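Following the hints, put chain B in place on chain A, whose structure we already have.
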Amino acid sequence: MQSTYVVTGMTCGHCVAHVTEEVQAVPGVTDVQVTLEGGQMVITSEAPVDFDAVKEAVAEAGEYQVAAA
Amino acid sequence: MSTPVSVRPDARESIVLDVSGMTCASCAARVEKKLGKMDGVSASVNYATNKALVLAPSGMSVDDLIKTVESAGYGASVPEPDAPKPPDPAELLRRRVTVSAILAVPVILLAMIPAIQFPGWQWVSLVLATPVVAWAGWPFHRSAWVNLRHGATTMDTLVSLGTIAAYLQSVYALIWGSAGRIGFTHQIEFRLMRGMAGGAVYFEAAVGIVTFILLGRYFEARARRSAGSALEALLNEGAKQATLLRDGVELLVPADVVKVGDLIVVRPGEKIAADGVIVEGVSAVDNSLITGESVPVDVAPGSNVVGGTVNTTGRLLVQATRVGADTQLAQMARLVEQAQTGKAAVQRLADRVSGIFVPIVIGIAIVTGLVWALTGAGADMAITTGIAVLIIACPCALGLATPTALLVGSGRGAELGILISGPEILESTRLVDTIVLDKTGTLTTGVMSVAEVVPLPGTDAATLRDVVAAAESGSEHPIGRAIAAQGSALVVENFAAVPGRGVTALVGDHSVQAGSLALLEDHGIGIPVALSEAAAAEAAIGRSVVLIAWDGQARGLVSVADTLKPTAAKAVAAYRALGLRPILLSGDSAAAAQHLADQLGITDVVAEVSPAGKVAKIRELQEAGAIVAMVGDGVNDAAALAQADLGIAMGSGTDAAIAASDLTLMGSDPVHAADAIRLSRVTLGRIKGNLFWAFAYNVAAIPIAAAGLLNPMIASAAMAFSSVFVVSNSLRLRRFQPLP
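Residue numbers (this note's numbering), protein chains in the order written: chain A, 316 to 384; chain B, -12 to 727.
Among the hints, erroneous ones may be present.
Taking lysine to aspartate or glutamate pairs in the EDC-like style, the calculated list, with each CA pair at most 20 Å apart, reads [claimed, not checked]:
no., chain 1, residue 1, chain 2, residue 2
1, B, LYS24, A, GLU375
2, B, LYS20, A, GLU375
3, B, LYS675, B, ASP338
4, B, LYS20, A, GLU371
5, B, LYS20, A, GLU336
6, B, LYS246, A, GLU378
7, B, LYS54, A, GLU337
8, B, LYS24, A, GLU336
9, B, LYS24, A, GLU378
10, B, LYS258, B, ASP285
11, B, LYS246, B, GLU267
12, B, LYS557, B, ASP591
13, B, LYS24, A, GLU371
14, B, LYS20, A, GLU337
15, B, LYS54, A, GLU375
16, B, LYS24, A, GLU337
Simulated from the structure, these hints should not be mistaken for lab results.
Keep in mind that this is a model prediction, so the values were computed, not measured.
Only chain B is shown next, with the shape it has when bound in the complex:
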């Protein structure tokens, strides 16, 4: 900027510092005092968040402030905007896969095509295979070892065992067997020849297994959407900034420097920065973030408000009563965290199968060796046949079975607007038998609209609608705006909002009152029984009622309600068709929830529940043996989404809900939730089929190995057939079709 800036002598700027080393509230007071002694500086230090808000004369250097804090015995720094991201696990895997594949391809080609087996090829294979087995396969060996110490066997055990067996067997054959001879080649035919174990190398099996399984892992890592932390997303729902009122001056500061007792100015449309109590002002606060309730709550001095909720109409002055980790929003974040950490990791299907398969294979290998030894075949033959069993038992395709199905399944899902954050969730959803549905934003649009227009005798509905739409046209209250959205051609004058009651206006030449019972009574207007009965009936189904009078006489009412999504009924029918039991779980009033459930034919309704209550309800269902899917969109659903076996978030919903969920539906159509469950069921079916075939070819070859007849051609054929089968089976998932 070239324009000279004139600095007023009293101009002060606010600076936020991170303070470290504070161990108690006295420390904060001490830092405050030290900073306050500097010329023109006043500071307030929040011990809980380790932040100092400093008001310093413009031009004062931040370094001087930091030095002052340091001289008080603490550390200070300018807050870092964002922490650097940790390395992407998929990137690390990619490196392993690439190196492994480059080394493995020549090894496999050499082993399978005897024509190119140049003199000494087997020694070249050894050199190429060693880093693959030792370095690329390291994650498997490490995990196998860790699991072994817990007495568990997983897929990693099988991979580690198979590759090490194949590698050591081959090294043995090279050095002590006949395979090390320069000029040695593999047999072309699938002949069953006894005694080949000492005369064959299986480097291709070892490198093939490592490469394929790493490739599978890489696919899976790629398919995983960067999940992000639900916690962070939740805390981001809170206000980032707050306008503090200090000594009569408004000061825009980061929200985390607000302290208990501070006065915060909240303008219409702004988020309230901390839990607090209203000192001044009348407004309606949109609490849907916390409660899921769609109708904004009217507030006045003395009302409690919750941080993160949105002020809709009037300016509020709020005194903070709880900040930082004590706020309701922070408590909800803890709830999400607990639900997430409490959720036991689903054991991978391949690991479950391996857990049974591995001990059996080891048993067969030992028995094979013993039988050969006891029948007098010699130690050499006994050991090599035992090892041959281990080599053939490790199916390459095992590594592809789950990842390829997940990759294709989640890819097809993405095309259909179903985003899967952790593809492995597809492994566990077949058994889902209960679907818990949030109301606002999931089955309803969350937008208020006019539900009913009830005129009293003598007034017609169209006139009533036009007059009230005109009268409310100047309104900022969400209910008033919903009514005004109907549109009206009538001329409005003298509009006035009566906070907490309604509006008055001159429409045409009629003096109109629209609002609560109290508003009409204030104007001395009598309420006919028919009107109060109609109002009670509307309120009983959870609608907000606006009574209308003009020229001193009550004329009728309009009611406003959250709008049902057009596809909600179809969605509920689709859930039922999948054998799911729908349950409505809402933070909204019992009347509103029940009315909605009746419209959709849902019989299980739980209403007026807090976020913690939602989690408790889902846990209760789970303890009763149900496998629960939860569909929601709000911050108040986040913990429940994390708790559910399958959390499904509406893409139109909040970041917190999306981060806490397993699946996100693009857009806001609840029918997609049924597609998501169908897709996951089909995917799981494919995974199971894949696992069966991956094992089947190798299991079939075990007797050959046990008989001492294994040769590298048979091993390679089993590998190739099962891999091709598994991949093509997975690709069939591309044909998955959504519900019409």
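Chain A extracted, bound-state conformation:
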């Protein structure tokens, strides 16, 4: 299944890489696609992923916020 979020605060390719790296590490996530423009993040997973875990991962990546799209 796929779920879409919006990440704010990303300013360059590095930011995308950081967010991708951290969210990738969330248990259950099989794929993450983050776009810099618009901040869209699409998470692919077997089972629904806990939003708090995603939130924590994004915060871990840097000064970013995430919201459900």
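Below, chain B alone, put in the same frame as chain A:
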């Protein structure tokens, strides 16, 4: 160290890392976070300067920190203390000159002394001359080619053309002419023999020109002081270190890790590490670095301060508002950079002459060839005479004309305490007609001293002076120290400084107040009209006034001002005698500048100008057609010194001013600036004379070459005579005398 060091568990050391690969502020936050996750580590990363300040438990390896940064996707390294220096251009030239000279000497001797022309000597000359013309002369050929593509001809064109012509002509004579015959020798006499072109070799002319001109270039490179970067010097004026206050702990860190919002502790005598606003503390800040103003400015919480300025008396807590490239100091560095890059390189005199001379010579060569061809002399004769014109036209002495004069001129200058950073500046200073003078540190000593003692009726001046000197003896404020420097034998007790107002003390049995109007009013002391009028009069000429009262009554005032240098008036007179128009350009107050100008008889005064304003003023003068020399010493003068046609720095001044200037005067006597301008004028006169004679001998020989009568003896004689003349003319510069 053999003593065991006990490590407190909470002992942390600060480490600075260079971080690479950060493209935005988020990257810095990311690196901070990654480092912060390590045990006991806290980090702050400055995106603008690519530096990370890491607080790590003592003993933690730097490699671990670097690995952590790398795992975050960035590079990290321990900052290199200094970059290696690029090779010295004079050293590269020296190699070329040496090789060239070793090969050239036998070639020249062989050509000029027929007695030693052993069989086959001309072929040996060919072998020796080839590397000289091809390798040693390569810079000339390359530059000639580059210039040719822009349609320009310079001295290099002349050198390249002359050497290649002489070389190819000689090769031609060896192979197709009669000169290749074993047993061939040159004629001894200066006979004019037609048709010698095909039967003579000019290797000595080719190698002679290359060697002499390289030698000239080498002299010039030697004479050039390693100029150093004005930019670097300017940035070095900034604080190297800062004491950060973080979580109540003071931390000494390199200044470039300071971030906006950081709290910096600045103790008396320290430089402020960043532009900021004072949060705590009262002091006076010496702003002379930025403004040139000699009186320190009193500051209190809420005051803005500029990075690089010096805190004089009290401890300050400053919150950084601008760091790195945004600070005023960095802006000044950019100003210097712009002024330096905007300054068009002065075209070398020899190049200017060559620019006209070369096309004419080529024209003469072509016409000569055509005339010979049309009069039926045959292609061989036509080409060889044309080439002979090119060979003789390139004066060896041309290469020595400018460099020898510059070398001797700058050498004499060094003896007299005038250091020339780029000797070629001496070529362009004859026309200087305006001299712009900085005030503080140039015409004044920059040291405050007591200017006037004004007692009120009933008090005598000597008593007033003694009492106030005693009262101020404990003062740390620069004005107080200037007054205390007078010395006093009186006994002082109960000294107290009232920040921003003045001091109070018990001198003998008198309770003394010395300071501002406000201080006296605080003590309920009435100010007589005579005193406030005297104070206003002193303030109007830019002096700082200290009012004095004791035993509840106002007694008088002393005023403090920057001290005029003893030779300032003489210097201004000397500038005028040279036909220069003096202009005072000061960052200090209009009152102080005007008063000084009046004392020296300077009528043009521009005051209260920022460093950018100084540059603008000089540019304005230049646009109005003036050729401007600028004399200054401060960081705030650096950009103006770079902008001026001739920047003269006081040796007692800042490194930034020295690096941005063309000339540096040892010591601090402004009269030396007049000597510097005189020396440069004389040197330029010699250069022009040299260029004339360098060309004259060869020009005189052109008709001989055009007539087909050139032989190697005439070529060598022209070379020798003009070289000797040029060198001896330059050596006369040693007799230059400074103003008494």
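Practice item. Assess, step by step, whether the Cα of LYS54 (chain B) is no farther than 20 Å from the Cα of GLU337 (chain A), and give holds or violated. Key: holds (18 Å)
Review point. Between LYS20 (chain B) and GLU375 (chain A), does the CA-CA distance stay at or below 20 Å?
Key: holds (8 Å)
Point to revise | Restraint status (C-alpha distance of LYS24 (chain B) to GLU337 (chain A) at most 20 Å) | key: With Cα atoms ~14 Å apart, LYS24 (chain B) and GLU337 (chain A) stay inside 20 Å; holds.
Check your understanding: Is the straight-line distance between the alpha-carbon of LYS20 (chain B) and that of GLU336 (chain A) 20 Å or less?
Key -> holds (14 Å)
Practice item. Below or equal to 20 Å on CA atoms is what counts here, so check LYS258 (chain B) against ASP285 (chain B). Key: Answer holds: LYS258 (chain B) to ASP285 (chain B) is near 15 Å, not above 20 Å.
Practice item. Decide if the proposed pair is consistent with the structure: LYS675 (chain B) and ASP338 (chain B), CA atoms, cutoff 20 Å inclusive. Key: Holds. LYS675 (chain B) to ASP338 (chain B) sits at ~12 Å (cutoff 20 Å).
Practice item. Starting from LYS246 (chain B), check that the Cα of GLU378 (chain A) is at most 20 Å away, please. Key: holds (17 Å)
Exercise for review: Could you grab the alpha-carbon distance between LYS24 (chain B) and GLU371 (chain A) and see if it respects the 20 Å cut-off?
Suggested key: Cα-Cα ~15 Å, so holds.
Point to revise | Distance restraint between LYS24 (chain B) and GLU378 (chain A), which requires alpha-carbon spacing of 20 Å or less | key: Holds, because 15 Å separates the two Cα atoms, which is no more than 20 Å.
Exercise for review: Quickly compare the C-alpha distance for LYS246 (chain B) and GLU267 (chain B) to 20 Å and report which way the hint goes.
Suggested key: OK: LYS246 (chain B) and GLU267 (chain B) at ~18 Å, within 20 Å.
Exercise for review: Given the hint that LYS24 (chain B) pairs with GLU336 (chain A), test it: the Cα-Cα distance must not exceed 20 Å.
Suggested key: holds (16 Å)
Exercise for review: Take the C-alpha atoms of LYS20 (chain B) and GLU371 (chain A), compute the straight-line distance between them, and say whether it is at most 20 Å.
Suggested key: holds (13 Å)
When held up to the earlier numbered hints, the structure conflicts with none and fits them all.
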